[in-house]
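When you get a sec, could you build the whole thing from the sequences and use the hints?
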Amino acid sequence: EKWLLCCPSRHQAILQKSDKNARPLSLSGHVGFDSLPHQLVNKSTCQGFCFNILCIGETGIGKSTLMDTLFNTNFENFESSHFEPKVKLRAQTYDLQESNVRLKLTIVNTVGFGDQMNKQESYQHVVDYIDTQFESYLQEELKIKRSLHNYHDSRIHACLYFIAPSGHSLKSLDLVTMKKLDSKVNIIPVIAKADTISKSELHKFKIKIMSELVSNGVQIYQFPTDDETVSKINTAMNGILPFAVVGSSEEVKIGNKMVKARQYPWGVVQVENENHCDFVKLREMLICVNMEDLREQTHTRHYELYRRCKLEEMGFTDTNPESKPVSLQETYEAKRHEFLGDLQRREEEMRQMFVQRVKEKETELKEAERELQGKFEQLKRLHSEEKSKLDEKRRSLEDEINTFSKKKTAAELLQGQSFNTNANLKKDKDRKK
Amino acid sequence: QAGLADTCSVAQTPGHDLFGYVGIEAVLDQMRRKTMKAGFEFNIMVVGQSGLGKSTLVNTLFKSKVSRKSCSPNYEEKISKTVKLQSVSHVIEEKGVKMKLTVIDTPGFGDQINNENCWEPIVSYVNEQYERYLKEELYVNRKPRIPDTRVHCCVYFLPATGHWLRPIDVEFMKRLGKIVSIVPIIAKADTLTMEERQEFKQRIRQDLKANGIRVYPQTEYDEDPEDRILNDKIRENIPFAVVGTDKEHQVNGNKVLGRKTKWGIIEVENVAHCEFTNLRDLLIRSHLQDLKDVTHNIHYETFRVRRLNESNLTGESEGWREKNRGGE
Numbered sequence: 001e002k003w004l005l006c007c008p009s010r011h012q013a014i015l016q017k018s019d020k021n022a023r024p025l026s027l028s029g030h031v032g033f034d035s036l037p038h039q040l041v042n043k044s045t046c047q048g049f050c051f052n053i054l055c056i057g058e059t060g061i062g063k064s065t066l067m068d069t070l071f072n073t074n075f076e077n078f079e080s081s082h083f084e085p086k087v088k089l090r091a092q093t094y095d096l097q098e099s100n101v102r103l104k105l106t107i108v109n110t111v112g113f114g115d116q117m118n119k120q121e122s123y124q125h126v127v128d129y130i131d132t133q134f135e136s137y138l139q140e141e142l143k144i145k146r147s148l149h150n151y152h153d154s155r156i157h158a159c160l161y162f163i164a165p166s167g168h169s170l171k172s173l174d175l176v177t178m179k180k181l182d183s184k185v186n187i188i189p190v191i192a193k194a195d196t197i198s199k200s201e202l203h204k205f206k207i208k209i210m211s212e213l214v215s216n217g218v219q220i221y222q223f224p225t226d227d228e229t230v231s232k233i234n235t236a237m238n239g240i241l242p243f244a245v246v247g248s249s250e251e252v253k254i255g256n257k258m259v260k261a262r263q264y265p266w267g268v269v270q271v272e273n274e275n276h277c278d279f280v281k282l283r284e285m286l287i288c289v290n291m292e293d294l295r296e297q298t299h300t301r302h303y304e305l306y307r308r309c310k311l312e313e314m315g316f317t318d319t320n321p322e323s324k325p326v327s328l329q330e331t332y333e334a335k336r337h338e339f340l341g342d343l344q345r346r347e348e349e350m351r352q353m354f355v356q357r358v359k360e361k362e363t364e365l366k367e368a369e370r371e372l373q374g375k376f377e378q379l380k381r382l383h384s385e386e387k388s389k390l391d392e393k394r395r396s397l398e399d400e401i402n403t404f405s406k407k408k409t410a411a412e413l414l415q416g417q418s419f420n421t422n423a424n425l426k427k428d429k430d431r432k433k
Numbered sequence: 001q002a003g004l005a006d007t008c009s010v011a012q013t014p015g016h017d018l019f020g021y022v023g024i025e026a027v028l029d030q031m032r033r034k035t036m037k038a039g040f041e042f043n044i045m046v047v048g049q050s051g052l053g054k055s056t057l058v059n060t061l062f063k064s065k066v067s068r069k070s071c072s073p074n075y076e077e078k079i080s081k082t083v084k085l086q087s088v089s090h091v092i093e094e095k096g097v098k099m100k101l102t103v104i105d106t107p108g109f110g111d112q113i114n115n116e117n118c119w120e121p122i123v124s125y126v127n128e129q130y131e132r133y134l135k136e137e138l139y140v141n142r143k144p145r146i147p148d149t150r151v152h153c154c155v156y157f158l159p160a161t162g163h164w165l166r167p168i169d170v171e172f173m174k175r176l177g178k179i180v181s182i183v184p185i186i187a188k189a190d191t192l193t194m195e196e197r198q199e200f201k202q203r204i205r206q207d208l209k210a211n212g213i214r215v216y217p218q219t220e221y222d223e224d225p226e227d228r229i230l231n232d233k234i235r236e237n238i239p240f241a242v243v244g245t246d247k248e249h250q251v252n253g254n255k256v257l258g259r260k261t262k263w264g265i266i267e268v269e270n271v272a273h274c275e276f277t278n279l280r281d282l283l284i285r286s287h288l289q290d291l292k293d294v295t296h297n298i299h300y301e302t303f304r305v306r307r308l309n310e311s312n313l314t315g316e317s318e319g320w321r322e323k324n325r326g327g328e
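Residue numbers (the UniProt record's numbering), protein chains in the order written: chain A, 1 to 433; chain B, 1 to 328.
Hints may contain errors.
For lysine-lysine, the following DSSO-like pairs were computed, each having C-alpha atoms within a straight-line distance of at most 27 Å [stated by the list, open to error]: (1) A:Lys232 x B:Lys201; (2) B:Lys135 x A:Lys310; (3) A:Lys199 x A:Lys281; (4) A:Lys281 x A:Lys179; (5) B:Lys233 x B:Lys255; (6) B:Lys201 x A:Lys143; (7) B:Lys34 x A:Lys232.
One side of the interface only, derived from the structure: several residues of chain B facing chain A at Cβ under 8 Å [stated by the list, open to error]: (8) Lys63; (9) Val91; (10) Lys100; (11) Tyr139; (12) Trp164; (13) Ile229; (14) Asp232; (15) Ile234; (16) Glu236; (17) Gln289; (18) Asn309.
Quick caveat, the hints were computed from the structure, so don't treat them as lab data. Every residue, glycine too, gets a C-beta built ideally from N, C-alpha and C.
Dropping the structure here:
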């Protein structure tokens, strides 16, 4: 086996065994590469870190309050209604800074989880959201011109699953959801509003929860125990899961200090008192000790699994049917050819269809033209017929008029003559007298 | 896609104030621990004619017998030899930090009578390593840690002629400068006086600029103004004039690394004598990670873009090498 090492901070390697080429060598003086971890960390500090937490839990279980308490700040929170028709996810990104470390924190909350009458589809949106973030990263990774070291990583690094403090056991929705998510994200189960459970009940509750998870094959996140510096505390914490937490953004005066607490008539529950709840432990584990491991697991385990499944789905393999290694490049090329061929075929089809449609339309239009022409001819005919009829009538009318006027003149003439005759007769009569 | 339409992402609220200690800065420690556990890798290539002190310099840099000095080849070998690359790996450890150091030597470079195209085997080698990494990266079932054999740094040895760059220097650096980070140095600089050294450096810088040769640290990759200031200082000083040795002598009661001559002892680690410490600090103490990052984020990506854009169905083929002749 060879010493396997590689460079960018994300792809970290473990020195396994030596091969004859890489002999260990002793140094006769100080060379100075012990500054490497510092060089590396300095670069990361300049670039900033990304951390994305997904909180899954019923409405009102205290997700937002816990986030406020955990990060010692006041994120903008809205109270959600219980009447959401579907489960939604709300993501908010914040820029936090502590000494010289800049953290880009994204908190994703489920909205309306567990409120529906029919909860069958509840987990699907969560699964889809997680997959979408993986897909985004995969797309960027597969791009030809990519910029991975500038990429804003939106993949979920830790999933806090809020268990309702019933004191009995997990709900079926909890089991189903966690089972769907355990291969996609690091699940850290927490018991919310733990101040409603007594210490003894809590102990039994925790045992019940863990045994249910085990018997249902749910793989929650295990704090890593391979590094001696942290293995002791991590092993201990693994045994305390799930963390029973209480969140509070209000402060109460205890002694001469102001502490985060919840005040009841019967006493004060102090959030940061390890006797009262496991909040401090959660903060320790999630942020101070294992944040980097959570990020690494997300990248090297969950994301790789997603990538592998997705690529296999798309038809990529590492070995072709004859078990010879196939380069992704070849498959990619072949797929590209196939795709281009497909495109061309569809383009042809569309072109044919277009030509066809144009022909049809042409024929239609010609038909219409002919029809119109016919109608026009017909109208013309009718018109000329009418015209000739009218002409005839006019002529006949004219004839009549002529005849009439002739008759009239004749009659007038006659009348004039007769009048004259009468006048003459009268004259004659007068003379005779 | 489902889920997208249902998420409403509120754009970042700049600079949220923390009301108290959270523990975010602990992530730096976590990262340090993890990287120390994983170990580091560094691949350095040395290029230059025989006799310029390549092996000695590498041994001085890493304070151990990393390279075995090659004995001069006899007459026949000198004529028939082509440039053959040899890589040797060692694991060295310092204060808990483990590093696998690979030194790639290029015996025969510039030694033949006809040195045309002597850079080709080197260009091929560099590209081969990128190819290897790309292949691993493209597997469906890929290793959690991809072995990195890519050349992070190429130290180019210029003979201390005092004049200008020679054609072989220009040709080599022009081509390799496009695919790998080159750190040119003036080898065996103890033959130059301070004034000659300054003049020589200036001429070299002019020559580099005139030929469009980009050496490390490249101006385009300065990430922020701080970086620029730091790197500008380095750029004003390259190429470093170095002297290498593995012998120690007594100077003023101290044991120092130096070359003893009749006219005095040249102290390798004395800044007044030569710039070995500048080179060492650049390569190891301050910019080692940066060298690796530039290789990964820039040179490798450039290679990858070119490679994936080619309609080349047969993976690594002769056609690929053909196209790559001279790194153009």
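Contradicted hints - numbers only: Hints 1, 5, 6, 12, 13, 14, 15, 16 not satisfied by this model.
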